[in-house]
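Engineer: I would like the entire structure built from these sequences, with the hints used as guidance.
From first to last, the protein sequence lines are chains D and R.
End of the first sequence sits at 453 in the working numbering; the numbers just go up one at a time, nothing left out.
End of the second sequence sits at 453 in the working numbering; the numbers just go up one at a time, nothing left out.
Heads up, some of the hints might be wrong.
One copy or any two copies: either way a pair holds, since identical chains are not told apart in the list.
Computed cross-link-like contacts, DSBU-like style, restricted to lysine-lysine with a CA-CA straight-line distance of at most 35 angstroms [stated by the list, open to error]: (1) Lys204 with Lys135; (2) Lys43 with Lys375; (3) Lys204 with Lys375; (4) Lys43 with Lys204.
I should point out that these hints are in silico values taken from the structure, not numbers from a laboratory.
There are 2 protein chains.
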Amino acid sequence: MTGTKPQHAPQIYFPVVDDVLHVGGIPLPRLAQRVGRTPFYAIDRALCSARVASLRAILPPQVALHYSIKANPMPALVQHMAGLVDGLDVASGSELKIALDTGIDPARISFAGPAKLEGELTQAIAAGACLNIESQHELDNAARIGDLLGIAPRVALRINPEFELKSSGMRMGGGAKPFGIDAEQAPDVLRQAAALGVDFEGFHIYSGSQSLRLDAIIESQSRSIELAIQLAGESPLAVRQLNIGGGLGIPYFPGEQRLDPAPMGAHLAAWLPRLAEALPQARLALEMGRYLVGEAGVYVARVIDRKVSRGQVFLVLDGGMHHHLAASGNLGQVIRKNYPVAIGNRMNAQNDAPDSGPASATGPLCTPLDILAERMELAHARVGDLVVVFQSGAYGASASPAGFLGHPAALEVLV
Amino acid sequence: MTGTKPQHAPQIYFPVVDDVLHVGGIPLPRLAQRVGRTPFYAIDRALCSARVASLRAILPPQVALHYSIKANPMPALVQHMAGLVDGLDVASGSELKIALDTGIDPARISFAGPAKLEGELTQAIAAGACLNIESQHELDNAARIGDLLGIAPRVALRINPEFELKSSGMRMGGGAKPFGIDAEQAPDVLRQAAALGVDFEGFHIYSGSQSLRLDAIIESQSRSIELAIQLAGESPLAVRQLNIGGGLGIPYFPGEQRLDPAPMGAHLAAWLPRLAEALPQARLALEMGRYLVGEAGVYVARVIDRKVSRGQVFLVLDGGMHHHLAASGNLGQVIRKNYPVAIGNRMNAQNDAPDSGPASATGPLCTPLDILAERMELAHARVGDLVVVFQSGAYGASASPAGFLGHPAALEVLV
Chain D
39 MTGTKPQHAP
49 QIYFPVVDDV
59 LHVGGIPLPR
69 LAQRVGRTPF
79 YAIDRALCSA
89 RVASLRAILP
99 PQVALHYSIK
109 ANPMPALVQH
119 MAGLVDGLDV
129 ASGSELKIAL
139 DTGIDPARIS
149 FAGPAKLEGE
159 LTQAIAAGAC
169 LNIESQHELD
179 NAARIGDLLG
189 IAPRVALRIN
199 PEFELKSSGM
209 RMGGGAKPFG
219 IDAEQAPDVL
229 RQAAALGVDF
239 EGFHIYSGSQ
249 SLRLDAIIES
259 QSRSIELAIQ
269 LAGESPLAVR
279 QLNIGGGLGI
289 PYFPGEQRLD
299 PAPMGAHLAA
309 WLPRLAEALP
319 QARLALEMGR
329 YLVGEAGVYV
339 ARVIDRKVSR
349 GQVFLVLDGG
359 MHHHLAASGN
369 LGQVIRKNYP
379 VAIGNRMNAQ
389 NDAPDSGPAS
399 ATGPLCTPLD
409 ILAERMELAH
419 ARVGDLVVVF
429 QSGAYGASAS
439 PAGFLGHPAA
449 LEVLV
Chain R
39 MTGTKPQHAP
49 QIYFPVVDDV
59 LHVGGIPLPR
69 LAQRVGRTPF
79 YAIDRALCSA
89 RVASLRAILP
99 PQVALHYSIK
109 ANPMPALVQH
119 MAGLVDGLDV
129 ASGSELKIAL
139 DTGIDPARIS
149 FAGPAKLEGE
159 LTQAIAAGAC
169 LNIESQHELD
179 NAARIGDLLG
189 IAPRVALRIN
199 PEFELKSSGM
209 RMGGGAKPFG
219 IDAEQAPDVL
229 RQAAALGVDF
239 EGFHIYSGSQ
249 SLRLDAIIES
259 QSRSIELAIQ
269 LAGESPLAVR
279 QLNIGGGLGI
289 PYFPGEQRLD
299 PAPMGAHLAA
309 WLPRLAEALP
319 QARLALEMGR
329 YLVGEAGVYV
339 ARVIDRKVSR
349 GQVFLVLDGG
359 MHHHLAASGN
369 LGQVIRKNYP
379 VAIGNRMNAQ
389 NDAPDSGPAS
399 ATGPLCTPLD
409 ILAERMELAH
419 ARVGDLVVVF
429 QSGAYGASAS
439 PAGFLGHPAA
449 LEVLV
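Structural biologist: As structure tokens, this is what we get:
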């Protein structure tokens, strides 16, 4: 075997019974029958609840936890999350609609996005959601629309800090960025906000995401809180909310390990007294998407053909990159690596067939980009078997080119 | 200026009048009004016709030219192309529907794809389209469904050659591949096809795409024809069609040059006598997607905000990677490079503002992946201006994650 090669973090959330993966307590072949066709995404609601509970257990009760819908905007999932978290964060008018449809208090919705349209600003102000303001220009637009509607817009300033979350998969802060207001420009914009009479909520400081280094996350949290305290000292408006984002990653690729967030809870608890002193009205909030739902979901596709081409085994699936761009390696990755993949209805079948060995799982598209697994050690699969891609609860269907080559969209179920 | 840096190939197809780009003969701001909103794709039908005509002019009249719908399946465009080419090639049941809707003779449609579903095979056989068979397993399925329908399926064998198109953007042949039947397995499959009584069309040999080296394309065409002649010698069935794909690329990135296909025409003409001798019933066909429509289309988005962050100018657009994944650098590129981009309503405005200099064009998504232009020399743009991405007629809207973050889809117009 491949003992010295980096391995995927073990799959610890979905039980295997009699060689069959269970999702939402249901054997995978039964789930596929129940869904009606492959391919599909299945999100396990109990795992989402458990992830939120585990975070609540290590976080001080004063710290709010928000779900960032963009990670997975499936309405049934957002409805489930709305009952678990303190706020929903949206990134478009369409996501705002999904959030409002859950019945959550609009005061617990915030809307970030660097190019909010006139109609989206109007939606958010009319609904009473908080706008995370990305620029002076957007602040002016919000105030103008607020005047038209006769509503003082609720706004927070999204700040582009001078630092970034180190070793993060996605750097959202530091240096020149299209996101938010450069920290050094914020005092001017705060004075403008006061003059315009908007309903000021506070700050949104987001320095990166998908980090697997808790020390880096903790450091960026400290710097975000310090920055907020500094900006608040120059603000004519009181800070009621301080959203410092999330940043916690999940393991996707061989060699990556799950992080233990417990020290983050202790670290934030240690900050609270100073925060209460400096910003007495402020509630600290963490915003997370991927970390809350990413490990709770799988993508499932069926083997349509099994081919041996020049000694290599290809499992040709009815699903692929058009449903799961990230797993194909085409969503920001520089070098393609495999997500954790398994044969869900025969998890540990012996590779005793004559053409056994590493197998690749490829999709129905006529492009060599359509790969879900490249030369992986998989159980011996046959036509009709179910290939499972783990770590697929976030940035899956919604982040993929569903229309590419005109194949049917993936179904999505919450179980 | 940047005289020594590699430059984009000059834009020679869309005229600029009074500093304004014209698409389909219409000034861009007028076109945007006519479309109704931004962002949108606009394909210039006259440019598509001209490209087909220029190829016809250099190709021997015996060589058929097919349009591969997957490059751009917009129905109005497919309808237009159906009137210009000799065949339509589809890659899914949905693309087959679009092709049939044009009214083209189904005998001139072929269907390739490595994971054709039972329903898709049925569709194609019922319609009388030709199946490009990807494996023995698929051949068996097609024959079985043909028996059920009482129709002998029209089939061609898709061959995975031992060679590949050198220096191509997408390698589709050579080595172990999920596409087609390995050339060395083809004689066995041909005997099976004869035994199964299918209606045999010939071969589909596709070695790669998006090559800008005509010598490599010509070499792979020779090898494809040689391979077909060799396989035909071992075939109990006569070859009526030989589709050798396309491979011709278009220039996307700085330093890339348009190729001159004229020598390819002479090269194929030189092959025709030998082909007529070896395969007297066979018509040679070229299949192209990107090369026919890629340079005929632009993507247009509007500047919603103009920000200067730490000395860098960002044009924040209402469109981005969710509409144009390839231009964002996330469709198979290893290192992100800029597509050719311009400010369509002020193509040559002086960069005389105090904050002038290279500008980046970014989209509305809350992710640093959402970039359409990175530090490019652009005319000085203002809020409301129209940013144009050239070379966007192929693999645009349909190859992009339209649902990502819930922003509206791009419109598509043929003008």
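Engineer: Tell me, in ascending order, the numbers of any earlier hints that this structure violates.
Structural biologist: none
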